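Asker: Quick note on numbering: our numbering labels position 443 of the sequence shown as 443, and the sequence is numbered without any gaps.
Read the hints as simulated data drawn from the structure, not as lab findings.
Hints should not be assumed to be uniformly reliable.
Taking lysine-lysine and the DSBU-like style, the derived pairs with C-alpha atoms no more than 35 Å apart in a straight line are [stated by the list, open to error]:
| no. | residue 1 | residue 2 |
| --- | --- | --- |
| 1 | K320 | K336 |
| 2 | K359 | K320 |
| 3 | K302 | K355 |
| 4 | K249 | K304 |
| 5 | K306 | K344 |
| 6 | K359 | K336 |
| 7 | K273 | K295 |
| 8 | K320 | K295 |
| 9 | K249 | K36 |
| 10 | K295 | K306 |
| 11 | K432 | K408 |
| 12 | K336 | K306 |
| 13 | K295 | K344 |
| 14 | K359 | K432 |
Bear in mind the structure is a predicted one, so any value in this text is a computation, not a measurement.
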Amino acid sequence: MKPISFKLSSVILSALLAFSSTSSLISVADGETTAKPNVTIHFDLSEPGITIAPDEDGNPQTIEDIEIQPYNAVRLPEAIPAKEGFVFNGWTADGIEGYTADSVFLVTTDNVTLTPVWSDPEDMNYYNVSYKVEYADGTVLDTSKQLRTQSYRSGEFVNVSAMAFPHNDYSRSQMGWLCEGREYRGEQKIIVTDHDLLLTPSWHRFFNLTFSPGDVDRLVGATSQTFERLEGTATETAASDRFSRNGFKIIGWICDDGDVFYNSLQMYTMPSKDVTFTAVWEPIEYTVVFNPGNKNQDDFIKIKGKTDTSIVVPDINITKPGYYFDGWEYENVVYKPGEEFFIKGAMSGRGISLKAVWKLGTAPTTQPPTDPNAIYGDATGNGEVKMNDAVLIMQVCANSDLYSIDEKYLVNADCYIPGSGITNMDAIAIQKLLINVVPSLPILEEK
Numbered sequence: 001m002k003p004i005s006f007k008l009s010s011v012i013l014s015a016l017l018a019f020s021s022t023s024s025l026i027s028v029a030d031g032e033t034t035a036k037p038n039v040t041i042h043f044d045l046s047e048p049g050i051t052i053a054p055d056e057d058g059n060p061q062t063i064e065d066i067e068i069q070p071y072n073a074v075r076l077p078e079a080i081p082a083k084e085g086f087v088f089n090g091w092t093a094d095g096i097e098g099y100t101a102d103s104v105f106l107v108t109t110d111n112v113t114l115t116p117v118w119s120d121p122e123d124m125n126y127y128n129v130s131y132k133v134e135y136a137d138g139t140v141l142d143t144s145k146q147l148r149t150q151s152y153r154s155g156e157f158v159n160v161s162a163m164a165f166p167h168n169d170y171s172r173s174q175m176g177w178l179c180e181g182r183e184y185r186g187e188q189k190i191i192v193t194d195h196d197l198l199l200t201p202s203w204h205r206f207f208n209l210t211f212s213p214g215d216v217d218r219l220v221g222a223t224s225q226t227f228e229r230l231e232g233t234a235t236e237t238a239a240s241d242r243f244s245r246n247g248f249k250i251i252g253w254i255c256d257d258g259d260v261f262y263n264s265l266q267m268y269t270m271p272s273k274d275v276t277f278t279a280v281w282e283p284i285e286y287t288v289v290f291n292p293g294n295k296n297q298d299d300f301i302k303i304k305g306k307t308d309t310s311i312v313v314p315d316i317n318i319t320k321p322g323y324y325f326d327g328w329e330y331e332n333v334v335y336k337p338g339e340e341f342f343i344k345g346a347m348s349g350r351g352i353s354l355k356a357v358w359k360l361g362t363a364p365t366t367q368p369p370t371d372p373n374a375i376y377g378d379a380t381g382n383g384e385v386k387m388n389d390a391v392l393i394m395q396v397c398a399n400s401d402l403y404s405i406d407e408k409y410l411v412n413a414d415c416y417i418p419g420s421g422i423t424n425m426d427a428i429a430i431q432k433l434l435i436n437v438v439p440s441l442p443i444l445e446e447k
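Turn these sequences into a full structure, and let the hints steer you where they fit.
Answerer: And the structure:
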């Protein structure tokens, strides 16, 4: 098999390392961030015989401890420790991974002690560092042209290769190299000790990362989106405009891996399984505008209210010669002052505006007040509203010489626009009540 390879830039690899290290940058409990104390990076120069080499101009230099906030990076000192008979290669915190002078060092929440790493230029013992790309079926790629075996003294640094190779079935992707159970990304440094080192590919599988709007109404457009991501790699949660829902906005995401809340565009490290992020919605607060129909903005009435709440419809604050105000119109429905307007939300980027309805002429006269003691529709006076009440009214209207309504029950019979007199419309009003066309009597205005 012909080997195929590509080289990952140091910038990309450094970013991957930084993202991996800062994926838990923000810890939240009960809605508040938890402040952590600074981390100290201590340089241990207590070994006998260590001095600090002067700079290029011969000026003396020092190496001081560094204090830094958790989950941040710092550049190590340029100053070089010196020890007679040895070569300084860099620093280490664990005796395994090395850091050269002036390189970037990342911290978490723990204090760190860095000690110098030396090699002896007179040491004639060399150890081989080699790479091997072998697949599960036993196939081994010939990588000798790209990755030659090299020899190092104890204490010298191996600069891990930035080469990466495709998996033979493309089900995985290489994100670095494994050496003695530890994963390294390109350009990290391994300290050679007293034995040979073998580096093998660190394969990462693909898993599904799904963003879902949840089981909600009023969605516009996409209902879910799924992406393939490599386990162990850093990615961002979706932006707040990933989905559109009339009347609502996304304020974050809930991950089904532990029911953890994430902000939009927050970094997340992909686990070794499929995960789903479900949108957390918040109702939008609108400024509902009541437009009187003229161009004077001072006459516009503005009332704030959130989606799925109601506001009270205001009265008009202007007049229009030759016309009377008949309410506010929204989506072909006219709302009268004092009624409730339910805010059901609008499409993204649009507001809510009701326009005044003006009608030519003068407003209809106000109906006389109803009688609170009347049982409207009870023309017979038996305390109930039945079909026989409607029949009696029709008989009276047809032949008042033969039929009549007791004078004290005339107010009951006048159930269609009280004060307009007894007509067949009163009988029809009773029938509408009996078949649930109207909820109650009297009927106060013509429909």
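Asker: Does each hint hold? Answer for all of them.
Answerer: Cross-check of the supplied hints:
1. Distance restraint check for K320 and K336: the Cα-Cα separation of roughly 17 Å lies within the 35 Å cut-off, and the hinted pair is therefore satisfied.
2. Distance check on the hinted pair: K359 and K320 sit about 10 Å apart at the alpha-carbon level, within 35 Å; holds.
3. In summary, the hint linking K302 to K355 is supported, as the alpha carbons are separated by about 12 Å, within the 35 Å threshold.
4. A C-alpha spacing of about 17 Å is found between K249 and K304, which places the hinted pair at or below 35 Å, so the restraint holds.
5. Taken as a hint, the K306 and K344 pair is honoured in the structure, with Cα atoms around 9 Å apart against an allowance of 35 Å.
6. A hinted pair counts as satisfied when its Cα atoms are at most 35 Å apart, and K359 with K336 qualifies at roughly 14 Å.
7. Between the alpha carbons of K273 and K295 the distance comes to roughly 59 Å, so the proposed pair goes past 35 Å and is violated.
8. For the proposed pair K320 and K295, the alpha carbon gap of about 13 Å is at most 35 Å, so the pair holds.
9. Straight-line distance between C-alpha atoms of K249 and K36 comes to about 32 Å, which keeps the hinted pair within the 35 Å bound.
10. Proposed proximity of K295 and K306 is supported: the alpha carbons are some 26 Å apart, at most 35 Å.
11. The straight-line distance between the Cα atoms of K432 and K408 is roughly 24 Å, inside the 35 Å bound, and the hint therefore holds.
12. Annotation: proposed proximity of K336 to K306 holds, straight-line Cα distance about 20 Å (limit 35 Å).
13. A hinted pair counts as satisfied when its Cα atoms are at most 35 Å apart, and K295 with K344 qualifies at roughly 27 Å.
14. Between K359 and K432 the CA atoms are separated by roughly 29 Å; this keeps the pair inside 35 Å, and the hint holds.
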